[in-house]
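**Q** What follows is each chain in one-letter form.
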Amino acid sequence: MTSTYQNPRYAFRRPAALGSAVPERARVVITGAGVVGLTLALDLARRGVPSVVVDEDDTVSYGSRAICWAKRTLEIFGRLGLGERFLEKGVTWSRGRVFFQDQEAYGFDLLPEQGHEYPAFVNLQQYYAEEWLVRACDASGLVDLRWQTRVTGVEAQAAGALLHLGTPEGDYGLHAEWLLACDGARSTVREALALPFQGQVFRDRFLIADVVMHADFPSERWFWFDPPFHPGQSVLLHKQPDHVWRIDFQLGWDADPEVEKQPERVIARVKAMLEGASGMAAPPFELEWVSVYTFRCRRLEKFRHGRVIFAGDSAHQVSPFGARGGNGGVQDVDNLGWKLAAVLAGEAPEALLDSYDDERVLAADENILNSTRSTDFITPKNSAAHAYRDAVLHLARSHGFARQLVNSGRLSRPATLHGSPLATPGGEGLPLGTPAPDAPVLVAGRADWLLRHIGADGRFTLLCFGELPAEIPAGITALLVADDDRAGALWDHAGLVARRWQAKPGDCLLLRPDQHLAARLQAPEAAEIAAAHRRALGLV
Amino acid sequence: MPLQTEPRLADPDALYEALMQAHRALDEAASRRLDARLVLLLANHIGDMDVLRDAIALATQGDQP
Numbered sequence: 001m002t003s004t005y006q007n008p009r010y011a012f013r014r015p016a017a018l019g020s021a022v023p024e025r026a027r028v029v030i031t032g033a034g035v036v037g038l039t040l041a042l043d044l045a046r047r048g049v050p051s052v053v054v055d056e057d058d059t060v061s062y063g064s065r066a067i068c069w070a071k072r073t074l075e076i077f078g079r080l081g082l083g084e085r086f087l088e089k090g091v092t093w094s095r096g097r098v099f100f101q102d103q104e105a106y107g108f109d110l111l112p113e114q115g116h117e118y119p120a121f122v123n124l125q126q127y128y129a130e131e132w133l134v135r136a137c138d139a140s141g142l143v144d145l146r147w148q149t150r151v152t153g154v155e156a157q158a159a160g161a162l163l164h165l166g167t168p169e170g171d172y173g174l175h176a177e178w179l180l181a182c183d184g185a186r187s188t189v190r191e192a193l194a195l196p197f198q199g200q201v202f203r204d205r206f207l208i209a210d211v212v213m214h215a216d217f218p219s220e221r222w223f224w225f226d227p228p229f230h231p232g233q234s235v236l237l238h239k240q241p242d243h244v245w246r247i248d249f250q251l252g253w254d255a256d257p258e259v260e261k262q263p264e265r266v267i268a269r270v271k272a273m274l275e276g277a278s279g280m281a282a283p284p285f286e287l288e289w290v291s292v293y294t295f296r297c298r299r300l301e302k303f304r305h306g307r308v309i310f311a312g313d314s315a316h317q318v319s320p321f322g323a324r325g326g327n328g329g330v331q332d333v334d335n336l337g338w339k340l341a342a343v344l345a346g347e348a349p350e351a352l353l354d355s356y357d358d359e360r361v362l363a364a365d366e367n368i369l370n371s372t373r374s375t376d377f378i379t380p381k382n383s384a385a386h387a388y389r390d391a392v393l394h395l396a397r398s399h400g401f402a403r404q405l406v407n408s409g410r411l412s413r414p415a416t417l418h419g420s421p422l423a424t425p426g427g428e429g430l431p432l433g434t435p436a437p438d439a440p441v442l443v444a445g446r447a448d449w450l451l452r453h454i455g456a457d458g459r460f461t462l463l464c465f466g467e468l469p470a471e472i473p474a475g476i477t478a479l480l481v482a483d484d485d486r487a488g489a490l491w492d493h494a495g496l497v498a499r500r501w502q503a504k505p506g507d508c509l510l511l512r513p514d515q516h517l518a519a520r521l522q523a524p525e526a527a528e529i530a531a532a533h534r535r536a537l538g539l540v
Numbered sequence: 001m002p003l004q005t006e007p008r009l010a011d012p013d014a015l016y017e018a019l020m021q022a023h024r025a026l027d028e029a030a031s032r033r034l035d036a037r038l039v040l041l042l043a044n045h046i047g048d049m050d051v052l053r054d055a056i057a058l059a060t061q062g063d064q065p
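As they're listed, the protein sequences go chains G and B.
Throughout the first sequence, residue numbering follows our numbering, covering 1 to 540 in sequence.
Throughout the second sequence, residue numbering follows our numbering, covering 1 to 65 in sequence.
Derived from the structure by calculation, the hints contain no laboratory data.
Hints are all accurate, no fakes.
Partial list, derived from the structure: chain B residues whose beta carbon lies under 7 Å from chain G:
hint : residue
1    : R32
2    : R33
3    : A36
4    : R37
5    : L40
6    : N44
Don't be surprised by glycine CBs; every beta carbon is placed ideally from N, CA and C.
Model the full structure from these sequences, guided by the hints.
**A** This is the structure in structure tokens:
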């Protein structure tokens, strides 16, 4: 197999506690240096919170794995200072096309409107994301990354958890006041605590092939149901940087994973697909990475277990259709980081972290629901399901209503945190719990983006339309949005901020550090703002 | 508006005949696809999820022992 990427090797550094009978102590320990764990470590570092991150490997992910980064995730990486790298290196796309048998059924655009800093999706191999996160964590000086460090045991305690760690040079103990388990679908922490992880298994297998080739398919997501080159099954094509193409072949439950992974077999499938999709001879290509997978949709009942908190695949697992795994995990830690920092700073009670559980269990259920529905469409379970699926695809060619029923993956969208205990009821406009919509603004005559100004300083933001309240309580950054060019204000020159936020003059919207809407106030007194702020910190 | 189960068809025999006619030349699988297309077209025409849920519930009862 060829390779467009060399995995960096991170050195093992001998920790001082090795061989000591007394466990080392740390306030925050993160298990798993994948996308989720590293994003959490970086988010905490941006808030001034140091952490220890342990990972059993000495490098970033093997194979491209998660490749579709959704707009909300890009906005989070933007806040963490990595957004531009994704735009620069990644493949931007927003169009998808769906084919049924030998014809196109329909196409869709995920972000038809202009005026957002980030596109609907950027495709980028997971190893790049992890490599950049590692570099940013190192540069922060607050993340202690410990490679080749395996968790061999976990004891939950009232004031944290004791980790037993194994390294190439011996074992040691590490006591964490807070243990954040970001150690993936086969989470060692989850297993050590014997927490049930239940849900639905799908009886189907998929082959992933990453292929290096110079082809001129557009930067779009192409999905085939029952194409002539792979009859009876589905195929998905995505473009990645470095001339790498991701092709997913549905194989069915009876396929033998070992046989299907044999290069000559994969090459024959890819060749048939390329010729079928383009109607021409396949261009020369080489395999970069091949994997066969099955999947499930399941979650932990609760994500917070005292001082042990789960995020990402260790807490919930979904099917890959919809790109809700990696994106859901990054949104977990976006929700968790500011809350943990507030608790550690003594600004909020530990109970604030229960809201992480409330809000992200809701989001996980939304992801699981969408992903289960997609899977039921893509993998019909019986002849009736098959008939309905084909009926939808057939009708979709000529009828708009049926296109809405075609489900080749409902692509990741951020959760609106309905019913959040941190939101102050009342007011009008965007629903409480909504993630902040972006819009273009002018700042001192320069083109800028609204979201860059929300939460970048780690604080709550009061977004005020037209005028600022006379008094702003401590701990809140007030931001004036004006429809004219005023000193110190964001000029909503295109009117898109007011429109997207459904805001009237005098509206003051309280946003949490993770850019979710916590309160909708009208020309508020300082006491009203302070009360909403306290509530959003779990103080009420 | 709840699911209507009172008689509403001016010519019930004609409907039944049209359905039989549509299925006449089809094998099992093709019949299934035809019925599915028909259900989807009619469901969209009705456009009311409460009515559709009522109909699904009522139809499901038909095969319960």
